[in-house]
Amino acid sequence: MSSTHYADRNGCALHGVIKVLDAIQGVVPIVHANAGCSLNGRFSANTLNGAIGRHFRSPLEHGATTLFDKHVVFGGTARLREQIKNSVKVLQGDLYVVATGCVPEIIGDDLPAMVKEAREQRFPVLGITAPGFKGSAYAGYAASLKALLVGIDDLFPKEASEHNGKRVNLLGLVPEQDPFWEGDLLELEQILASVGLQSNRLLGQGQDVRSWKQARHADLSLVLSPWGHEAAAYLQSQHQVPTLDLGWLPVGSRDAGQLLEQLATRLELDEQQLDTAKRQLDGHQRYYLQKAATTWLSQDLQKRSVIVAPSATAVGLARFLAGTLGHPLPMVVITDDPEESRRDSLLHAIHEQSPSSQVLFSSSQQQIAELLYNAEPEFIFASHLEQPTARVLNIPLLEIATPVRQSLILQRNYAGIQGALSLVEDFSAAVLQANQGAARTPIANTGVDTQLLTSKIWQERRGRGTGSVADPDSPAALSPIAS
Amino acid sequence: MVNIRQRTAPQREKRLGTLSAWYGSISSLLREASEGELVQRIRTFAQETPSDLILGLELLATLRGVAIVVHGPAGCAAGLHQSQNPDLHWAVTQINERDSILGGDTKLRATIRQLYADHQPDAILIVSTPVVIINNDDIDSVVEELREELGIPLIPVFTDGFRSKVAATGYDVVSHALLKELLAHHATTHTTEHPSAESSNPHVTLLSVQESGTAIASLQALLAELDIASQPFPRYFDLHDGERITSARLSVTLDGGTADYAGHVLQEQLGQPYLNPPAPIGIAATRQWLTAIAELLGRQAAAAALIQQQEQQLASALQAATQVRGRKVFIHLAAGPAISLWHLAQEIGLEVVGIKVPFLDNSQIPALHDIARSQENLPILVGHGQAFEEIALLKSARPDLYISHGIDALPASRLGIATLPLDQLNILGFAGVRTLLQQIERRLNHAHLQRFLAEGENEPYSHGWLKKSAYWYIKQEVR
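Chains as they are written, first to last, in the numbering used here: chain V, 8 to 490; chain S, 32 to 510.
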């Protein structure tokens with residue numbers, strides 16, 4: 008079986024760092040790399056749309072040192088000094104963060120010295136070393152969270168908490184690499200609010216440097232993937248913020264309820280409030296799944312499904328699809344290459360709801376294609392890279408992982424209760440469209456496109472304004488104009 | 032000027048004196064050019080800009096029947112996710128920290144073998160990245176070794192991300208790599224014989240690096256009316272068509288010069304005439320483009336008739352475009368298309384209030400003189416990306432319409448200016464004139480989203496910067 012990295016989906020560390028910096032309002036990234044590195048990161052994002060910061064920027068508006076041959080030979084440190092000094096003058100921001108790529112690492116540019124120099128001028132500047140060859144965008148996310156927290160501790164003295172009540176940091180969802188990150192964070196904020204908890208999302212709309220300063224005052228850090236624990240561990244050791252390491256994304260009312268229970272235990276929440284919240288979440292989901300039931304049964308929407316996604320999404324979806332909707336899940340492929348030590352808990356979380364699922368770790372398009380053929384699925388939850396396989400298997404696919412190419416994701420999400428219902432809607436739409444498509448495929452052996460046929464009939468019918476139509480399903484037969 | 036025996040193409044700034052940073056009026060640019068070669072400038076504040084690697088990959092992804100191996104860290108290949116080519120197979124060697132120190136040739140060898148075993152492409156392109164170039168990974172010997180083993184062309188494409196300040200060097204690097212392969216093959220199979228020019232309709236090569244498939248097809252259809260067959264190169268090149276490229280009667284650019292590299296090589300190596308007429312955008316430019324080809328192939332009469340017929344058909348559309356007249360436009364395109372579009376603007380009565388080009392080859396200077404004669408104060412900004420400079424210009428020029436590729440249109444949208452993104456449109460040839468007329472009118476009347484986006488404070492640039500002149504950070508390079 009091939010282990011070649013076809014069509015890499017996980018990007019590089021620098022991309023992960025830039026995606027984080029873009030998602031914090033008032034943070035201005037200064038990319039220290041050769042030309043093209045940050046643009047490339049945006050190309051891997053979903054339909055080119057990433058986070059936009061406070062002031063919305065095009066993919067080409069990142070400040071960047073764009074190192075050329077001269078710098079590669081003689082070093083890029085002086086160029087970085089110049090770029091930092093001028094960035095502060097040209098670009099509005101509260102915090103300027105230098106992110107360095109592969110080339111400065113190889114040629115040995117002195118990032119710490121430049122950051123120190125800038126700080127001596129009283130510029131709020133941090134540096135994050137993120138050469139692409141050191142890991143994926145997920146690893147870059149983990150590294151940048153930690154570096155931001157450490158850097159903020161250095162730059163800003165710990166001031167008083169701005170909030171009353173209990174507050175939870177949400178860690179682990181990677182902007183753009185998790186295509187639904189922004190909506191998922193908002194949904195989790197809603198769910199936590201139902202038991203009176205405030206959330207510190209840290210990333211996305213309205214999240215700024217102040218949110219990061221306040222992370223030190225939180226009552227708990229909730230970790231939602233294998234990529235948030237490093238930051239949580241730092242907050243725990245430096246600022247005594249305890250950690251609840253879930254490691255995946257709760258989808259549906261059952262897992263949302265379980266999360267609330269865990270939070271209630273850890274944060275000593277009011278039991279009655281917890282019960283009420285759980286009942287409401289469950290009731291809401293139940294009402295809408297009841298609404299779905301007729302279609303679900305008449306169109307037979309139970310599908311033997313396969314999931315191909317990064318850890319947080321793969322586990323969350325698997326638990327909901329198997330545990331609540333009852334989809335048989337022969338296989339789950341986890342694509343973000345989590346550390347070995349974290350894999351058992353992911354396996355356990357899937358097998359709790361779907362004991363017979365085979366769980367595999369791979370990011371190779373080719374290898375995954377081979378796995379999918381053998382799994383004989385009826386439906387695929389995966390990325391755009393699995394579309395060719397779905398076409399060959401002639402089954403529908405819903406793009407739920409990066410890269411996404413068939414939809415524009417703004418705040419749509421699949422976490423929590425709203426997310427679970429969106430997932431049901433999008434999944435159903437994909438199946439129903441495929442069914443329509445199947446009804447429209449050429450009539451066997453004649454090569455006649457039935458869609459074309461009915462539209463011809465429709466035109467003839469309108470032209471004549473009378474007559475009968477043999478095909479009872481044609482628009483003409485159903486249209487009042489035909490009468 | 033170009034030596035195909037070299038490992039790769041020279042930097043565009045060395046070959047063509049290409050500028051990547053400049054701002055001022057067209058007449059001041061021409062004044063400096065008349066005093067000798069234009070002086071290279073750099074930016075002491077810069078924004079992200081594409082590299083030869085990014086443009087090279089974008090171009091390579093349009094080839095038919097090939098597979099691509101990007102030799103470098105995973106992120107370097109990300110641009111390939113934008114490819115619309117469903118048959119493209121690509122892989123990246125995923126150079127990690129260890130490989131970056133010890134070399135990645137083992138991974139490269141394994142990846143090429145696997146790609147061949149899985150997909151049996153007609154050829155495999157091996158694209159290099161900054162890390163492997165700096166570390167001097169020996170791509171050549173891997174290629175040498177596997178070429179024999181696999182029996183298909185393995186073509187190294189030496190992009191590096193830093194050698195050139197002009198991303199379009201990537202187009203030259205790709206052209207160089209493909210031509211090297213083609214010409215080597217040509218030398219072994221065609222020692223003396225040349226295909227008879229009389230035997231069939233003449234065929235020509237359309238030199239293209241940026242145009243869409245539909246745009247190229249529309250020009251092919253136009254040429255077909257003159258019984259001239261054509262094939263694109265290097266964009267959408269099919270390796271099976273190699274002989275058609277080497278046996279073509281001539282090669283001609285579609286963009287006024289960005290795709291010039293292959294034309295020069297084919298002329299020098301095979302004596303094939305190379306034409307670089309204005310980019311066929313607008314009536315006059317399309318006429319010139321078509322006439323230049325027809326003259327060389329003895330099809331003048333047929334071409335004149337076709338042109339007359341097409342122009343007559345367009346006359347009424349031009350007359351009806353009263354809404355467009357007098358409106359102000361800003362053009363942000365490669366120099367060739369931008370210059371032709373300036374002329375089209377004169378044909379339909381638009382006022383051009385500024386031009387931005389990503390880079391400017393010295394060879395474009397003569398064409399700029401024509402513009403300066405009627406508009407000597409026209410502002411010209413040279414920069415790939417670098418929106419921070421453009422914002423000030425847009426605020427003072429106040430265009431009604433901004434014509435560009437979509438990715439470049441965001442800063443203008445933020446200011447509430449109507450935008451016309453050309454990505455999904457064909458603006459080449461006579462058909463393109465009609466499209467442009469319709470689209471300009473439509474965009475001018477429907478800039479609602481842009482106006483919504485412009486409300487509220489969202490400018491990423493500091494007030495201090497917005498008061499400064501756009502060329503503040505453009506300096507002459509100290510050597």
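Any given hint could turn out to be false.
Distance ranges between label pairs, derived from CB positions [claimed, not checked]: (1) V:TYR380 with S:GLY182: 56 to 62 Å; (2) S:LYS506 with V:SER348: 47 to 53 Å; (3) S:THR137 with V:GLY172: 53 to 59 Å; (4) S:LYS498 with V:ARG286: 55 to 61 Å; (5) V:GLU127 with S:THR137: 44 to 50 Å; (6) S:LYS498 with V:ALA120: 47 to 53 Å; (7) V:ALA120 with S:SER405: 33 to 39 Å.
Here are some of the chain S residues that sit facing chain V, going by a computed Cβ distance under 10 Å [what the hints assert, rightly or not]: (8) GLN78; (9) GLN113; (10) GLU256; (11) ARG356; (12) ILE396.
Hints were generated in silico from the structure; no laboratory data involved. Keep in mind the model is a prediction, meaning the values are calculated, not measured. Glycine is no exception: its CB is placed at the ideal position from the N, C-alpha and C atoms.
Going down the list of hints, with the structure as the test:
{"no.": "1", "hint": "V:TYR380 with S:GLY182: 56 to 62 Å", "result": "violated (28 Å)"}
{"no.": "2", "hint": "S:LYS506 with V:SER348: 47 to 53 Å", "result": "holds (52 Å)"}
{"no.": "3", "hint": "S:THR137 with V:GLY172: 53 to 59 Å", "result": "holds (57 Å)"}
{"no.": "4", "hint": "S:LYS498 with V:ARG286: 55 to 61 Å", "result": "holds (59 Å)"}
{"no.": "5", "hint": "V:GLU127 with S:THR137: 44 to 50 Å", "result": "holds (46 Å)"}
{"no.": "6", "hint": "S:LYS498 with V:ALA120: 47 to 53 Å", "result": "violated (32 Å)"}
{"no.": "7", "hint": "V:ALA120 with S:SER405: 33 to 39 Å", "result": "violated (53 Å)"}
{"no.": "8", "hint": "GLN78", "result": "holds (6 Å)"}
{"no.": "9", "hint": "GLN113", "result": "holds (5 Å)"}
{"no.": "10", "hint": "GLU256", "result": "violated (30 Å)"}
{"no.": "11", "hint": "ARG356", "result": "violated (31 Å)"}
{"no.": "12", "hint": "ILE396", "result": "violated (24 Å)"}
Hints 1, 6, 7, 10, 11 and 12 from the list above are not met by this structure, while the remaining hints are.
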